[in-house]
Amino acid sequence: MSGAAENRMTIAAGLFGLGGILLFVGLAAAALLAQSGGVGAAGPLFDAYIWRVTRFTLLQASLSTLLSVVFAIPVARALARQASFPGRLWVLRLLALPLGLPALVGALGLIEVWGRQGLLNTALAAAGLSQPVSIYGLFGILIAHVFFNMPLAARLMLAGIERIPAEYWRTAANLGMGSSAIFRFIEWPVIRGLLPGIAGLVFMLCATSFTLVLTLGGGPAASTIEVAIYQALRFDFDPPRAIALSGLQIMLTAALLLVLKFIAPPPREGETTGRATRRFDGAAGLPRFVDRTWLIVAIAFVGLPFAAIANSGARADLPRLVGEAAFHQALAMSVAIAFLAAMISVTVTALLIRTQRLALTPRRPGMAAGLFAGAIGASTSFILLVPPVVLGAGWFLLLRPLGDVARFAPAVVVAINALMALPFVHRVLAPAMSTHATRTERLAASLGVSGFHRLRWIDWPALRKPLLMAFSFAMALSLGDLGAVALFGSQDMVTLPLLLYSRMGSYRTADAAGIALLLGLICLVLTVLGTGGEEKSPEGRGA
Amino acid sequence: MSSTLQKILSRLAIAGATVVAFSASAAAAEETLTIYTYESFISEWGPGAKVAAAFEKTCGCKVEYVGVADGVELLTRLKLEGEGSKADIVLGLDTNLVAEAKATELFAPHGLDTAGLKVPGGFSDDTFIPYDYGHFAVIYDTETLKNPPKSLKELVEGDASQKIVIEDPRTSTPGLGLLLWVKSVYGDKAGEAWAKLKDRVLTVTPGWSEAYGLFTKGEAPMVLSYTTSPAYHMVAENTERYQAASFAEGHYIQIEVAGMTKNTGEAELSRKFLTFMTGPEFQSIIPTTNWMMPVGATKEPLPEAFGKLVDPQKTFLMSPEEVAANRKAWIDEWLAAMSKN
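Respectively, the protein sequence lines represent chains A and B. Numbering (the working numbering) for the first sequence: 25 to 567. Numbering (the working numbering) for the second sequence: 240 to 580.
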């Protein structure tokens, strides 16, 4: 197959993928609107309440994003420089864990560290300080959001730093550049280029946060738009209002992302012969000390809540839990859903990124191509702002005429989970694929390597690491998702988070803690898979 | 290791075989009663399986459950399905949802005599029949709270350093319950009461699970739950550590109800189930599986622990219509009071 034909096929497939995503969301919203007659019952959209909730959403999400990103920078840098840090690979895995954690489990783990009876306050009390640190309020929301999102941001930044061509480090070493000069001239430009994507993702995750905000917020003054959406679809059952509020959420965030994009220009790709990376800085002295301190702080901050979750879980009757048929079924269901969702998400995203690049190839710009590329960029971002409950309810309505909805439930849940993972997968794959394309595209074309051969011999070796990382992110994400399963109410479809909530809701706190531990272990296995590219990375072999 | 693996594999095989056998038996021509309910009703320790087995013995039919997250979700599901719903029975709404459920015009009057039911607050309705109830109560940890409040007034005005975790009335039924409780006691002064109580509230969670989780982790010595909560700890965990505080003004009640749908193809069977539901067989299953109080006679006396529970002298209950008409305004009042700094 010629390169041109292949490109046309890719673009067609990309169009198809984009159309699929838009249809999936659009149909759901339309069905919900049609069912309720399209008229809102509960008065004007922008009352004082919505105004207050919107203000708080913006405030907490901005602060959470700022803190997560600022904390992530030194952590990512330390991980990049300290290749010989003991257990570095396990630190990377630890940083992927919060993704797969249901919010409630995360909140309870954080409380064991930061809560009134938590480690910190106990230690402070032992040191003679009587004023306990209170997690309930904006402070707790921020702590929780940084716990969930700093690790994600750090992993994404680290991947960016690791794509810096080896030649840069050699030159830096030859020039005798110090730690701060290296940061200014080499690392910061790369990180800055990634910031809009990373900050945008974290912002969306924090803006749509629900359980964490309510549980740790201390009172209704801390409510997000998502709470109002949930409220509109629950007691009030007012779908038009829910959809309007989702629209508000999307518009606000779109405005913010646009600003971010203008502030930070995209990075320039450096030419490289692709030799193994080896860094010569930060191996000793103050930089090493600073790096290690940041790493220890990050490990404690992310690791301690997990230790608390493991500790509570270990007190449960684990052998009985693991032997239960209900557990086996939930495990099988969760893994199957997560695997399929991750496969779809990674495939579709890779296709979309490739299409986006082809559409923007300078030789054929044009308005339509630009719009198309923009639509792909937007759809892979804003999908997070469409509440799963809206998608679930909409598809419930669409599928009902076809018979027993419970039969379709697994497919819908897989599709929703695959969609929700898109932005994560995009943030992992897009920069990696862009770097890869810049480095190999022309050479491959001039050598006439295309189709399967290019995939097998050029793309796969270079993209294996980000693909595995994206896959494990997507899978962890859907494993921890409670999402739209509940509405479909099928007895045959119990996932692990659902089982956990079910035990928790019927006083079986110990069982719930045990399931949380098991869920964490499964995610850990996934992150081992996700760092599969790391072990064989040529670090330290170069020069 | 390999034996564990074998065990898992054989269990999986059994599960697979069960599925096949199940679908085969479902194909046999038999009357089927489809009951929509909330998830915890049909969870492993919930009453669902026992209820189905007991009823199937008397009816020569098959009971099928569809379980959604909770009572509110149940109504949402029904609204989504509309006339085409395959539900014969909807079980698990509470009285606060009854007015909205009736407004859907999807339910039919049951036409049964419910005079014999013992429900405090005296709820009776031509469409919905109660099957259990529980009073809301503040549960406290006897190890950390020696002087629990003896009234709602004491809770509102008491030591602000002794915290309580409550649920959000915008998202949960216990949260709505407390809202109505405070309204019943304080009336027009409810806003002021909430403003005072605010300092005692550690946090407001989206649902009961989060609140109870924080409470059992020791984050607060009090939580809003049910008078029956201590029964679980006494019966299943053998501990009297967690107790309900009896409030002098009285307690607000949550009554769980079921009704039959207008479009059921099994009207006769549905009526039979509703009758069965208030009978001793069903009622005996409820207390130790749903952890709520029965509305009818049980076959045997309740477990000893139930005798130790707080038995409210006065019960508050507002009519479904009053709740439906005022819910939004009262939630706004709550929001205003609780959001002040």
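Honestly, the hints are just simulated from the structure, not real lab data. Nothing here was measured: the structure is a model prediction, and the numbers come from that model. Beta carbons are placed, not taken as given, at the ideal position from N, Cα and C, and that holds for glycine. A couple of the hints might just be wrong.
Just a sample of chain B residues kept apart from chain A, beta carbon distances all over 10 Å, derived [said to hold, decoys possible]: (1) GLY321; (2) GLU339; (3) LEU351; (4) THR353; (5) VAL549; (6) GLU560.
Which bits of chain B does chain A cover? Going by a derived footprint, with three or more residues having C-beta under 8 Å, they are [what the hints assert, rightly or not]: (7) 279-288; (8) 450-456; (9) 488-497; (10) 505-514.
Now for the hints, and whether the structure bears them out:
no.: 1; hint: GLY321; result: 8 Å, violated
no.: 2; hint: GLU339; result: 8 Å, violated
no.: 3; hint: LEU351; result: 27 Å, holds
no.: 4; hint: THR353; result: 27 Å, holds
no.: 5; hint: VAL549; result: 18 Å, holds
no.: 6; hint: GLU560; result: 16 Å, holds
no.: 7; hint: 279-288; result: holds (count 6)
no.: 8; hint: 450-456; result: holds (count 5)
no.: 9; hint: 488-497; result: violated (count 0)
no.: 10; hint: 505-514; result: violated (count 0)
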